[in-house]
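Q: If you're matching them up, the sequences are chains A and B in order. Position one of the first sequence corresponds to residue 1 (this note's numbering), numbered consecutively onward. Position one of the second sequence corresponds to residue 1 (this note's numbering), numbered consecutively onward.
It is worth saying that the hints were derived from the structure and are not from the lab. It is possible that some hints are incorrect.
[Stated by the list, open to error] Okay, derived cross-link-like pairs now, EDC-like style, lysine to aspartate or glutamate, Cα gap no bigger than 20 Å in a straight line: (1) 44(A) to 86(A); (2) 103(B) to 72(A); (3) 103(B) to 63(A); (4) 3(B) to 41(A); (5) 106(B) to 86(A); (6) 106(B) to 41(A).
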Amino acid sequence: NAGVMQNPRHLVRRRGQEARLRCSPMKGHSHVYWYRQLPEEGLKFMVYLQKENIIDESGMPKERFSAEFPKEGPSILRIQQVVRGDSAAYFCASSPLGGSSGNTIYFGEGSWLTVV
Amino acid sequence: DAKTTQPPSMDCAEGRAANLPCNHSTISGNEYVYWYRQIHSQGPQYIIHGLKNNETNEMASLIITEDRKSSTLILPHATLRDTAVYYCIVRVASGSEKLVFGKGTKLTVNP
Numbered sequence: 001n002a003g004v005m006q007n008p009r010h011l012v013r014r015r016g017q018e019a020r021l022r023c024s025p026m027k028g029h030s031h032v033y034w035y036r037q038l039p040e041e042g043l044k045f046m047v048y049l050q051k052e053n054i055i056d057e058s059g060m061p062k063e064r065f066s067a068e069f070p071k072e073g074p075s076i077l078r079i080q081q082v083v084r085g086d087s088a089a090y091f092c093a094s095s096p097l098g099g100s101s102g103n104t105i106y107f108g109e110g111s112w113l114t115v116v
Numbered sequence: 001d002a003k004t005t006q007p008p009s010m011d012c013a014e015g016r017a018a019n020l021p022c023n024h025s026t027i028s029g030n031e032y033v034y035w036y037r038q039i040h041s042q043g044p045q046y047i048i049h050g051l052k053n054n055e056t057n058e059m060a061s062l063i064i065t066e067d068r069k070s071s072t073l074i075l076p077h078a079t080l081r082d083t084a085v086y087y088c089i090v091r092v093a094s095g096s097e098k099l100v101f102g103k104g105t106k107l108t109v110n111p
C-alpha cells in the first residue's frame, strides 16, 4: 500500500455538512479509482478517473457525490449534505498508464468517514 | 458482478501452507486473475496476479489450471499476520479495467 496517500484518515461530519476526501496517487500513476466499504460489507467500486477526465462513474450515487482529478494536485471525492448512511471507509487506488489489465492497482489505507 | 467463486472461510495452522481456491469458469482469454487481501481496518493489499502461467513472488504463489477456469493462491508458510480476507478477482481487459470485489475468503491462521 505504500505510495497511495489518503487524507484525512478519519473525518467526522454532522448531517448536512460536506466531506472532502483527498487522494494522491503513487508517483508516476495517472489513473485513480475510488471504492467505498460500508460497515461489515464488501468493497464497492465508485469511480475511475484519469487526469481531468472521469472515465467510469457507474458506481457513483446519482446525487451528492462527485469526484475530480485535476491536472495538478490530488484527486478529490466530495460528498455534499452527508447523511448517516454515508458513514463508511473510502479507499483510493491508483495504477500506471492503462491499456492492459496487467497494470497493477495499488490501494491507499483509506479514509474513514463518520456522520453524526 | 464478481466473476469468481471462493469459499467463505478457511482455517490454517501457523507455519503450514495455506491453499486458497478460486473458481472463474467464465474467464476470457485476455483477462488476468488478481489476488488481494484485506487485513481488518486496512486498505486492500496486492498479492499477485497472472494470466496463464504460474507465478511466484515474495508473498505467495499462484497456480492457474491449464483451462484457466480455476486457480489457487498458496501462502507457503502462513503466519498469524496472514489472517485476512482474501479476494480473487478477474480483471476485465477493456473499459475502465476496474477491480470488482466479491465476498472473498476469510482466512484465519491459528497458533
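Q: Holds or violated: residue 103(B) and residue 72(A), Cα atoms, limit 20 Å.
A: Between residue 103(B) and residue 72(A) the Cα gap is close to 36 Å, so the pair fails against 20 Å, i.e. violated.
Q: Is the Cα-Cα distance between residue 106(B) and residue 41(A) 20 Å or less?
A: holds, 13 Å
Q: Is residue 3(B) within 20 Å of residue 41(A), Cα to Cα?
A: Measuring from Cα to Cα gives roughly 18 Å; hence the hint holds.
Q: Are the Cα atoms of residue 44(A) and residue 86(A) separated by 20 Å or less?
A: holds, 13 Å
Q: Hint check: residue 103(B) vs residue 63(A), CA-CA at most 20 Å. Holds or violated?
A: Cα-Cα ~27 Å, so violated.
Q: Would you mind confirming whether the straight-line C-alpha gap from residue 106(B) to residue 86(A) stays at or under 20 Å?
A: Violated - the C-alpha atoms of residue 86(A) and residue 106(B) are around 25 Å apart, more than 20 Å.
Going down the numbered hints, you'll see the structure goes against 2, 3 and 5, while the others check out.
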